[in-house]
Amino acid sequence: QPQHHQKTSNRRRHTNMKFLHALPIAIGFSIHSAAAIGVDEQPHQPQQQQQALSSPTRLGEMHKSRSKKDKDCRKYLEEFPQWREEVGYWIGELAFYGSDGAPYESANWNYPYDTYKGFITGSIWHESYRQRNVFLYPPQTEEACQEDGSVAGNGTCGTNGNSKLFEADQSISPDVRSCDGTIEGPFAGIFDTKTTLVGEDNALLYQVFYQGATFQSQLTTLSGNGRRTRSAHGYNPFGPTPEVPTYCSFYRERRVEREEFYAALETTLDEYDILDADACTRDSNGNLVDGIVGGFDACEAHLEESFEGMFD
Numbered sequence: 001q002p003q004h005h006q007k008t009s010n011r012r013r014h015t016n017m018k019f020l021h022a023l024p025i026a027i028g029f030s031i032h033s034a035a036a037i038g039v040d041e042q043p044h045q046p047q048q049q050q051q052a053l054s055s056p057t058r059l060g061e062m063h064k065s066r067s068k069k070d071k072d073c074r075k076y077l078e079e080f081p082q083w084r085e086e087v088g089y090w091i092g093e094l095a096f097y098g099s100d101g102a103p104y105e106s107a108n109w110n111y112p113y114d115t116y117k118g119f120i121t122g123s124i125w126h127e128s129y130r131q132r133n134v135f136l137y138p139p140q141t142e143e144a145c146q147e148d149g150s151v152a153g154n155g156t157c158g159t160n161g162n163s164k165l166f167e168a169d170q171s172i173s174p175d176v177r178s179c180d181g182t183i184e185g186p187f188a189g190i191f192d193t194k195t196t197l198v199g200e201d202n203a204l205l206y207q208v209f210y211q212g213a214t215f216q217s218q219l220t221t222l223s224g225n226g227r228r229t230r231s232a233h234g235y236n237p238f239g240p241t242p243e244v245p246t247y248c249s250f251y252r253e254r255r256v257e258r259e260e261f262y263a264a265l266e267t268t269l270d271e272y273d274i275l276d277a278d279a280c281t282r283d284s285n286g287n288l289v290d291g292i293v294g295g296f297d298a299c300e301a302h303l304e305e306s307f308e309g310m311f312d
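Position 304 (the sequence shown) corresponds to 304 in my numbering; numbering is contiguous.
Heads up, a few of these hints could be off.
Just the calculated beta-carbon pair ranges, DEER-fashion [stated by the list, open to error]:
no.	residue 1	residue 2	range
1	G149	G98	20 to 30 Å
2	T141	V244	27 to 37 Å
3	G149	E271	38 to 48 Å
Hints are computed from structural coordinates only; laboratory data are not their basis. Idealized CB from N, CA, C, for every residue including glycine.
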């Protein structure tokens, strides 16, 4: 029989994992060109990184470290306020809507989309950005379960929630100029992606295109005091009406310290009654990831990948 989450002292056990390496385009969270980045056994602390990034001395050293003869006008991501703000641990209140404006209903993921939780980590280093996400979904409503009692995994409809993993490794391509903090590049062989810094040093616009047609457009607004709002609009460039939106996400996120972040993650796993077997074992498409033993430790290991090997 599947086991529910145990109390904190019992649940945080060591697990042997194979990390998720697939790079699918995720709802409200997509991916630029992937970068091969090494892994360090000791993760860098986001708080220390933020302090370093805000130091004028540190930024001055970055300028000096680049060749004065650099004709490509390449700059490190740390030099831009928007990218510096992306660093750290973020907790999100999430909602996802269909083309009719109502909460999205999935044919193969029978969990509510009107209110769910996101746990996101992010880090930058020179020309690379890394992000890891864990989305937690509450149990489906009893009314919806009467119409469709299906679940993904070992839980029971209306009793147990579930989770998905998302990830992105991004970098400035060698052949791309980056004078203004822009990142762009191909994805999956058919998409073009681009992140542009916009506003008054307080927003990022991320867009995905297919042969010039918009596939996704996401705005992240950094409103201050460790708060950000993300909203992504999706389109279907393969259908007869590529100009008509197919979905919209509304993510309200706040940056917190590591301890608060993982305490909230643990609380939400319990609140949503997510079984260990379903905790951080599925990719963005809801498919099981080989080699992962589910549970709190699996979630933590995935999220900490944002900080591994980024600072060698």
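_Broken hints, by number_ = Checked against the structure, the only hint that fails is number 3, while the rest are satisfied.
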